[in-house]
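K.L.:
Read off the chains here:
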Amino acid sequence: MRPGEDDAELVRRARLGDRDAFAALVERHGAAMYRYARRMLHDDGAAEDCVQEALVSAWLSADRFRGEAAVRTWLFGILTNTVRRRVRTEARHPAAPLPEEAALPAAPGDPISAVEAADLRDALEIALRELPPMQRACWMLVEVERMPYADVARVQATTVDAVRGAVHRARTTLGRRLAPWR
Amino acid sequence: MAVDRDPSGRPEDHDHPDEVVARAAGTLREITDAGWVRAREAVLERVRRTLRPGPHVAGRSADGRFTVATPVLVDVLRRAVDGATPARVLDVQVDVDPDAELAGVALRLSVAYGSPIGPDAAAARSAVLAEVQRTLGTALVPERVTVDVHIADVHVTETRPPRPRGRENPTPEGPGGVPPA
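Heads up: the protein sequence lines correspond to chains B and V, in order.
Positions 3 to 184 (our numbering) are the ones given, in order, by the first sequence.
Positions 60 to 240 (our numbering) are the ones given, in order, by the second sequence.
Where hints are given, some of them may not hold.
What the hints assert, rightly or not - Chain V stretches covered by chain B per the calculated footprint, using a threshold of three residues with CB under 8 angstroms from any CB of chain B: (1) 85-96; (2) 100-107; (3) 184-194.
Said to hold, decoys possible - Some chain V residues close to chain B (C-beta under 7 angstroms, calculated; not the full set): (4) D77; (5) V79; (6) V80; (7) R111.
Since the hints were derived computationally from the structure, they do not count as laboratory data.
Glycine residues also receive a C-beta, built at the ideal position from the N, C-alpha and C atoms.
Here chain V stands alone, though its shape is the one from the complex (with noise of 0.2 angstroms):
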């Protein structure tokens, strides 16, 4: 009996009997079916076009007051934090009060491993302020709007975040700066 090695690296029974249904099988994997090159576009456009339903929040310009559908926001949040730390957002949790007024954002995040916990935040609940200003045009007012940050994760990037200067002799770091267990 031939054994397989699946694409998930578990080793799988995938004995083939018969290698003619094999090599058919293979011919099968092997096509793109004509009917998903004409579709493709088609399925592509309505899934760009399908609204995620969500509560609005305020915003304003100098025009008047607007609304954002949270879902919105949360994807430009999101977009902020990632390109603003070496964390990754995991989720973020966007509390509406009912005036549709902003009354708090919650994050969860995975920080790269070796980068320290406590900038990271810090610099995740700058990119979430300055985001809810730039798209809201309301600054936050830390007594009545929250920015909750909640590490849940540590995750190991390709390229390790730089180290702080001074350090000849580094030693290897977990979060945090503590070396790792």
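So here's chain B without its partners, still in its complex pose (with noise of 0.2 angstroms):
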């Protein structure tokens, strides 16, 4: 990957078959794709299975993307789906509980900060997989993946407004679970 490539310029060489171009993509979408999928999930297995089959489904029908929405829009939309299916055919098993080591900081800085960072962020995973399936999907994709409502409701197949609604419940939950954080 060239510096300074851009999502379109990637998606336009491995749409003509450039498998590098590909891999530069998951590179640059994966880490988020496979946050929002476990925490979907609760399970590293079914996340990872997730992914893999959500990229492999964009890598086969990249020919056939145009380009209408965004590069990280089309893939989390893969993934939704992928997602779903998995959750309806796992619906008869109860989840497994995420377990104790469940993510590498970014990079080392303050100890007590760091402390403190992971503790909110325990109590956050706690509190997210309390929250109904389409409350915490939008309300990853909006408030930490940074997505626009346009592009989650186009996501998750619904209206902008639902979207709205749905991260409205969830930051007001979200709220009253973290604070004791306040």
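Work from the hints to combine the two standalone chains into their complex.
P.N.:
See below:
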């Protein structure tokens, strides 16, 4: 990947069969896709399977991508469908709890702040699990992935108003659950 | 109500009535899951091993006939044209006859703003002819195999294409040497 290459250029080349360009898109968006899938599925193996399946599907269908949506929106749309299929399949099997060692910090920083941030994140993870899937999905995409409401509506195949309502309800619930951190 | 600007540049209603929730979201945004660190290589490998389906096209070498999947041919043609012109390939259609012989190639290009269309199209066509001969070992016969070029878009490049020699006071030009309106 050349520095500064944007998603549109990478997807143009990927559409025409350039595996390196698609791999660059995976490097760019894979971590966020995994983060979303894991919070929707509560399972590392299932998250990995879904991200892999979504990316393979994106590679196979890239030649039909016409750029109507941002590349990230396109990838998250495919992932959302993959996750939903997985949830339906596994509805009979309760999800395993998240392991203790859930994440690597992005970079070392102030130890006290890092510990506090990790504790806050753990509390958020627990609170997130109690949200209905639609609220959790919309909140993750808007607040964590910083996606515009319109893009989230496209990803979730719903309306902007529905996304706005889901995010509002999620914020209210999370705010209540995280009140001790105030 | 605080109004943020979202990554797309469109004002969005990212109001945060609760600072703690916003801070918690930030802690999640900043981490890379250990699971992704472990899975990344396997996912990339799986994607790299996945072949796009497509018809095969025949090639010839001194040892005999061989076939190439059309998605592979599309990839090498795109690289050849991108490398030979400031134009960008938007689409490559490869037409294969029932005997798996190449019957035609159709290119859709975006030309660089200010770059002359005629020479770019000719360079793209030449690059296709040369790459087909290199990859398939067969020279294209114009009467039998067509190479169609369609200019579908114009893009702006950071480095402007070189101007023709001998122009002391060049005026701004659009595609095809036509001054923009």
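K.L.:
Determine for every hint whether it applies to the structure shown.
P.N.:
Hints, one by one, checked against the model:
Check result for the stretch 85-96 of chain V against chain B: holds, 11 residues qualifying (beta carbon to beta carbon below 8 angstroms, three or more required). Interface restraint, the stretch 100-107 of chain V with chain B: holds (6 residues with C-beta to C-beta distance below 8 angstroms; minimum three). Evaluation of the coverage hint for the stretch 184-194 of chain V: breached, as 0 residues show C-beta separations to chain B shorter than 8 angstroms, against a requirement of three. For V/D77, the suggested interface contact is upheld, since its CB lies about 4 angstroms from the closest CB of chain B, less than 7 angstroms.
For V/V79, the interface hint holds, since its Cβ comes within 7 angstroms of a Cβ in chain B; the closest pair sits about 5 angstroms apart. A cut of 7 angstroms between beta carbons decides the hint on V/V80: the least distance to chain B is about 5 angstroms, and the hint holds. For V/R111, the shortest C-beta to C-beta distance to chain B is roughly 6 angstroms, which falls under 7 angstroms, so the interface hint holds.
In the structure shown, a violation is registered for the earlier hint numbered 3 alone.
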